[in-house]
Amino acid sequence: MLKPMMFLLGAAALIALPHGLSFSQQEILVFMVINILLVMSYRLLTLTGEWSLGHVVIMGVGAYASALMTKNLGVPVPLGMILGGVAAALLAVLLSFPLFRMKGFYFLIGSFAAGEIIRLIWKRFREPFGGVRGISGIDPMPDFSIGFYSFDFFEPVSYYYFAGAIVAFCLWVLWRIEKSPVGLTFHAVHWQDKLAQASGVNLRAYRTLAFAIASGFAGIAGALQAHYVGTVNPNSFDIEVMVFVLTWAIVGGTTTFYGPILGCVLLTVINEIVLRGMGFEQARPLFYGAIMILSILFLPNGLESIVQKFIPRKSAAKSDRKAEA
Amino acid sequence: MLSKYISKGFTRRTFLKTSAAATAALGLPKVALAAGEPIKIGFLAPLTGAVAAWGKPGLDGCMIWAERVNAAGGIMLADGPHPVEFVAYDEEYDPAKARTGATKLIREDGVSFIMMLGGDPWPGVQPVAERTGMLFSTLLPSDLSPDTKTLLAPAEVHPIYNVTGVEWLAQNKPELKTAVMCAQDDALGLPSVATYLAAFEAAGIEMLDEPLLFDPATTDFAPVVTRLMAKNPDIICLDTCYSDYVHPIAEQLFQQNFKGQIISCTADFYDQMIAKTSKEFMEGFIFQFPDFDDPALNAENVNFQDPNGFYAEYNKRHPGQWGAVSWEYASIMDLWKVAAEKAGSADPEAVLAAMKDGPGNHAFGEAEWWGNELFGIDNALVGDWPVVAIEDGKAVIKEFRSIPDWYNRHGDLLIKHMQAYGQMWDQRG
Numbered sequence: 001m002l003k004p005m006m007f008l009l010g011a012a013a014l015i016a017l018p019h020g021l022s023f024s025q026q027e028i029l030v031f032m033v034i035n036i037l038l039v040m041s042y043r044l045l046t047l048t049g050e051w052s053l054g055h056v057v058i059m060g061v062g063a064y065a066s067a068l069m070t071k072n073l074g075v076p077v078p079l080g081m082i083l084g085g086v087a088a089a090l091l092a093v094l095l096s097f098p099l100f101r102m103k104g105f106y107f108l109i110g111s112f113a114a115g116e117i118i119r120l121i122w123k124r125f126r127e128p129f130g131g132v133r134g135i136s137g138i139d140p141m142p143d144f145s146i147g148f149y150s151f152d153f154f155e156p157v158s159y160y161y162f163a164g165a166i167v168a169f170c171l172w173v174l175w176r177i178e179k180s181p182v183g184l185t186f187h188a189v190h191w192q193d194k195l196a197q198a199s200g201v202n203l204r205a206y207r208t209l210a211f212a213i214a215s216g217f218a219g220i221a222g223a224l225q226a227h228y229v230g231t232v233n234p235n236s237f238d239i240e241v242m243v244f245v246l247t248w249a250i251v252g253g254t255t256t257f258y259g260p261i262l263g264c265v266l267l268t269v270i271n272e273i274v275l276r277g278m279g280f281e282q283a284r285p286l287f288y289g290a291i292m293i294l295s296i297l298f299l300p301n302g303l304e305s306i307v308q309k310f311i312p313r314k315s316a317a318k319s320d321r322k323a324e325a
Numbered sequence: 001m002l003s004k005y006i007s008k009g010f011t012r013r014t015f016l017k018t019s020a021a022a023t024a025a026l027g028l029p030k031v032a033l034a035a036g037e038p039i040k041i042g043f044l045a046p047l048t049g050a051v052a053a054w055g056k057p058g059l060d061g062c063m064i065w066a067e068r069v070n071a072a073g074g075i076m077l078a079d080g081p082h083p084v085e086f087v088a089y090d091e092e093y094d095p096a097k098a099r100t101g102a103t104k105l106i107r108e109d110g111v112s113f114i115m116m117l118g119g120d121p122w123p124g125v126q127p128v129a130e131r132t133g134m135l136f137s138t139l140l141p142s143d144l145s146p147d148t149k150t151l152l153a154p155a156e157v158h159p160i161y162n163v164t165g166v167e168w169l170a171q172n173k174p175e176l177k178t179a180v181m182c183a184q185d186d187a188l189g190l191p192s193v194a195t196y197l198a199a200f201e202a203a204g205i206e207m208l209d210e211p212l213l214f215d216p217a218t219t220d221f222a223p224v225v226t227r228l229m230a231k232n233p234d235i236i237c238l239d240t241c242y243s244d245y246v247h248p249i250a251e252q253l254f255q256q257n258f259k260g261q262i263i264s265c266t267a268d269f270y271d272q273m274i275a276k277t278s279k280e281f282m283e284g285f286i287f288q289f290p291d292f293d294d295p296a297l298n299a300e301n302v303n304f305q306d307p308n309g310f311y312a313e314y315n316k317r318h319p320g321q322w323g324a325v326s327w328e329y330a331s332i333m334d335l336w337k338v339a340a341e342k343a344g345s346a347d348p349e350a351v352l353a354a355m356k357d358g359p360g361n362h363a364f365g366e367a368e369w370w371g372n373e374l375f376g377i378d379n380a381l382v383g384d385w386p387v388v389a390i391e392d393g394k395a396v397i398k399e400f401r402s403i404p405d406w407y408n409r410h411g412d413l414l415i416k417h418m419q420a421y422g423q424m425w426d427q428r429g
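Chains as they are written, first to last, in the UniProt record's numbering: chain Z, 1 to 325; chain X, 1 to 429.
Simulated from the structure, these hints should not be mistaken for laboratory data. Accuracy of the hints is not assured; some may be wrong.
[What the hints assert, rightly or not] The calculated lysine-lysine pairs, modelled on DSS-like cross-linking and capped at a C-alpha distance of 30 Å, are: (1) Z:71 with X:149; (2) X:259 with Z:71; (3) X:276 with X:231; (4) X:177 with X:337; (5) X:276 with X:398; (6) X:259 with X:279.
Let the sequences and hints guide you as you build the complete structure.
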């Protein structure tokens, strides 16, 4: 009974949240929700032990694909978003052939190189990618009404509800995947790869599967962003943005489902709201770097380790009570 | 805090149509100022990151401009004088952050006008501009299009003014017959490449090679410079490279013993370049952005107020930081101030109408609203532009040249090269 109540309260809080924020904070909230999907999709890839430097470019693949399909082929925006995710997943499958001949550090560098190749293709081919200027005037999500609420997708609140619903669904799917036998196999591929291989697990196939699923969700995140901002260009998906994703994952931690979300939310709030609000507009990179260093020094297992400190105690207390009974 | 609007069936679209009172509460452009209330101006540009050199010095210049205007009594509107203040937002040269910044400046801070660097962030702001009717300015007229009537390029017509430097070179150093060029492969570099190609063609200077486009992430310029020098050109053109590229390229040219002519759109912080190379090496370096202590800026046709005093004050506060944009945003504010005082209002629509009512007093002289052929709209203010050379370690204005005169003679070449690089307004993605 407690769990559904907590869930309902959480959902109500998330629905009410934008109404307690200023306009610019609502805008930041929209991008934060999209970034949560991005970093959570990245986490799925890390479950197999592989860290990529091309994940943001894959997000861009979804953004470009959706933008081109809606703009040039007249595909409806919601369908374009789904197809953007599919395009990103398919490209990941293609990339997996050269990339999964490598492991660890070599995969990391290989993924960076693959990402740069994709970005160069966007820059070089003005048709259809728009060259260095990218694509602008991307169709927004069409407005609609559901009787008691009219969605005007220029408005951050409307887009927050829309993107939030999609991201929540995607997170649920990611959660189900992780808790399924497939997800457990991802963990095995990471931590017990020799044993898993000896048990008949095709390591490369599972790494490819994780890469494709993660890329598909990153592509949806890219499409969500493209149809809100109305423009995509190669610089929006460069290594600097990737560093932010890595930072969210590292500061939050990747061993739990909520770790990267904590990292993304906390660092976004600090960087975009707190530091700007305190008047440290131009000194933000300095503060952000300091926070990174401090968190690595004093929280090597990420923010999730703070939460974990409390959860085991609860479980232990429960077991103690059971034992006493 | 409750949301500033009620969700049920109450969209911004209906709201714009019906509620003037609520509009004022939301800080939309129609907001009326109380007597004596400060006029807020938005400064939406990169203040951190690789492109900050074309944002931060501009904000520093605006702060000096505001102090001087406020000390002189402020901006005189129909209801009396108003002080002016700037509200800055670092958009990090990112369209998404620029959108957030524009929303904040318009709907929370209640600004009357927003100045931007432009470029990549503009498409993210464009829907906000179109929905709110806010008046924006850009330093990059390649952002202009007929879609957004409230975007102006009143300070510089980048990169069209680069033709003046090439034309001056051709007339004053006719022995220079060949050139090569490099540029970063981005939205700032490519239109400039097209412009320089047109200018060289018009001047009868032969390009020895295709422009060398390097990735913006490039940090090692030795191979770039080696390739540029391989053809033994008379002129090496650095296009509109960011100062983070111009400096190492100049350093490499010096180390690889280049003896020819260098031309560049900018030479920000050229004193540091001289320190890294030599005074002799930098002698005759041609670019387009003067120091404002130049006596030529005291001529009657120059409309920038007290340029020498402004430069002295800037250097006192920010020594060694004077750059291409230090004066540009302030010069836009000069234009805005004249227009607001003429309109008697800070309302964006009224200021826009007043600003475009006849020729404009550009910093370097009277200029025309121009650009329909290149940008699809006459929202760029174009007139004379200075050609600057480094002489004895100091930037010196060699001459002011007319951009429209060049365009009237060679406009077809410019359009041809702009089309080849996909830079015409109707070719954008």
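The hints, checked one at a time:
1. Z:71 with X:149: Holds. Residue 71 of chain Z to residue 149 of chain X sits at ~23 Å (cutoff 30 Å).
2. X:259 with Z:71: Violated, at about 50 Å.
3. X:276 with X:231: holds, 25 Å
4. X:177 with X:337: Outside the cut-off at roughly 45 Å; violated.
5. X:276 with X:398: holds, 24 Å
6. X:259 with X:279: holds, 13 Å
Hint check: violations occur at hints 2 and 4; the rest are consistent with the structure.
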